[in-house]
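Peer 1: Residue strings, one per chain:
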Amino acid sequence: MSLVSLLFLFTAVLTCGASIMVVTTKNMVQAALWLVLALFGGAVIFVLLQAPYIAVIQVVVYIGAIAVLVIFAVMLTRQTEGELLPGKTNQWPIAALLSAALFVGMAYFYLSSPRTALMAPVLDPKFDLIRELGQQLVSPNGYVLPFELASILLLAALIGSIVVAWRK
Amino acid sequence: MADLIKLIESWIRNLLLGWGAGEGLTLFILQALGSVLVVMLCFGIVIALIWVERKLAGRIQDRFGPNRAGPYGIFQSFADIIKIFTKEYVTPTGADKGLFNIAPVLAMASVLAIWAVFPIASNLIGADINVGVLYIVAISAFGILAFLMAGWSSNNRFALLGASRSVAMLISYEIPMVVSLLIPVLLAHSMKLSDIIKAQQPWWYLIIAPLAALIFLISSMAEIGKAPFDLLEAESELVAGYHTEYSGMKFGMFYVAEFLHQFTVGALITIFFLGGWSGPMAENWPVLGVVYFYGKAFLVYLVISWIRLSLPRIRIDEMLNLNWKFLIPVSFINLVVVAVVDRVMLDLNMTRWMYVGVMLVLNIVILLAALYISGKSQPSIELEEFPPRPVAVSNPPENS
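For the protein sequence lines, the chains are Z and E, in the order given. Numbering follows the numbering used here, with no gaps: position 50 of the first sequence is 50. Numbering follows the numbering used here, with no gaps: position 83 of the second sequence is 1083.
Just so you know, the hints here were simulated from the structure itself, not pulled from any lab data. Built from N, CA and C at the ideal position, the CB exists for glycine as well. A couple of the hints might just be wrong.
Example chain Z residues on the side facing chain E (calculated, C-beta under 8 Å, incomplete) [claimed, not checked]: (1) P52; (2) V68; (3) M75.
Selected chain E positions facing chain Z (in silico; Cβ < 10 Å) [unchecked claim]: (4) Y1135; (5) S1140; (6) L1145; (7) S1153; (8) V1167; (9) V1178; (10) M1281; (11) N1284.
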């Protein structure tokens, strides 16, 4: 077993364990911190997949922004501050069923895809992934339309947050 | 002799290969040795820096500073380290033990991990990844997490208040910091730190983009939470902020992380705006590059200390106003202007002299305009007049 697959195994177990802890921990701040660990595990897996840009963006966006805001919001709500909360609602069987179906579906499509058997191509070290990504995002033949649509959505969200917070 | 470090490296490599270690194991041992060396150098520097800072603080405040242990008190830091190791660890009642103990480790790690990507000399680069700038931004997120964990797990109102203040401040000041970091990336056409250093070979970005350097300096001073931005550990209001409940070496780790972060900011400014390891003869003598890199970082460290010892702490509304109403708009305008002008001037095939001159003038114009506009739009604060209420008089006038 190579070092990379050993690292993958460790990260995968850690990520899965952390994800289970997110939904079973009764303390909300601890649950949010377990979520951080799970997201970090995801970032490590992106690194192992030779996608450093996505890995770093995962950390910047999910841990640096979203997780910190979640923890901040949880900390400011007085009722949940360190107190024990009910761990599950009575809708948990439906949720478990849905996520199991999602997992089975993804596993089925992954295993039935002809590309699964292919080995990852070895990239030329001179090949600049980020430059390629940037050019694809703004080229008319690439992904300029989804990119601009996402930008408009974000702008709308920004304006919306200002309108909501506007002092009448 | 020209390349001392590579010489030592190849000696160790040959030694290990001679002992029968495999190629992969040798590489692993060498990389582990390199990372341990960088970390140990950081700790060694911090011990010296704490002494320098205290001595400088003493001089600026018209006193001697440490002067008992050894000549000029240079052994004061060692005495403090030995003392701090003997202190008792106190965990407050009701604290979240796991998080309480992880938080100082995370605070330290979030600073040390940044050093993994620093190009220390022309051929001495930890991990020359092509997302280096983003990596630095990403790692600083863990610092915020450490503050949050420390503040929340201490089960102390002051610590929690300090943590929430620090998060409010760090999240807001991250925006101008990242936007001003975009400018060296944009000018160098790369996020790789070694490329950014190579791109500023004749002209440092301090001359081409002084406004970005200024905004980066201010916002990273807020990131390290030093005065005038030390609201997160304001002694008169919050005891010590997020690390109120920490004692012994756990407190020491926060303390060392803070000093190391200040030096790391110096190193970041060196890389992005002061040409990194470049200097006379640094290409041929990489060892000189190491000296230049640490020397420049140390100079920026002294500047930060000087600012922090000269300015009083600002109020929380001033802190938010400075960021949201001044730094963020200015950094965005600066980014747009620099991007457009850089593109236009590259198409016009201007000489390097003209390019640098136009950039410098533009930066100064933007700064002056921003200062003028913000000075004009400053709302005049109307102080409410209260009648005097003397407390030392037994019969206050309004009662008599």
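Peer 1: Each hint should be assessed against the structure and marked as holding or not.
Peer 2: Hints and how they fare:
1. P52: holds (5 Å)
2. V68: Holds, about 5 Å.
3. M75: Cβ of M75 (chain Z) sits 6 Å from chain E, so the hint holds.
4. Y1135: holds (5 Å)
5. S1140: holds (8 Å)
6. L1145: holds (7 Å)
7. S1153: This hint holds: S1153 (chain E) lies near chain Z, its Cβ roughly 8 Å from the closest one there, short of 10 Å.
8. V1167: holds (5 Å)
9. V1178: Interface hint status for V1178 (chain E): holds (9 Å vs cutoff 10 Å).
10. M1281: violated (30 Å)
11. N1284: Because about 26 Å separates N1284 (chain E) from the closest Cβ in chain Z, which is outside the 10 Å limit, the hint is violated.
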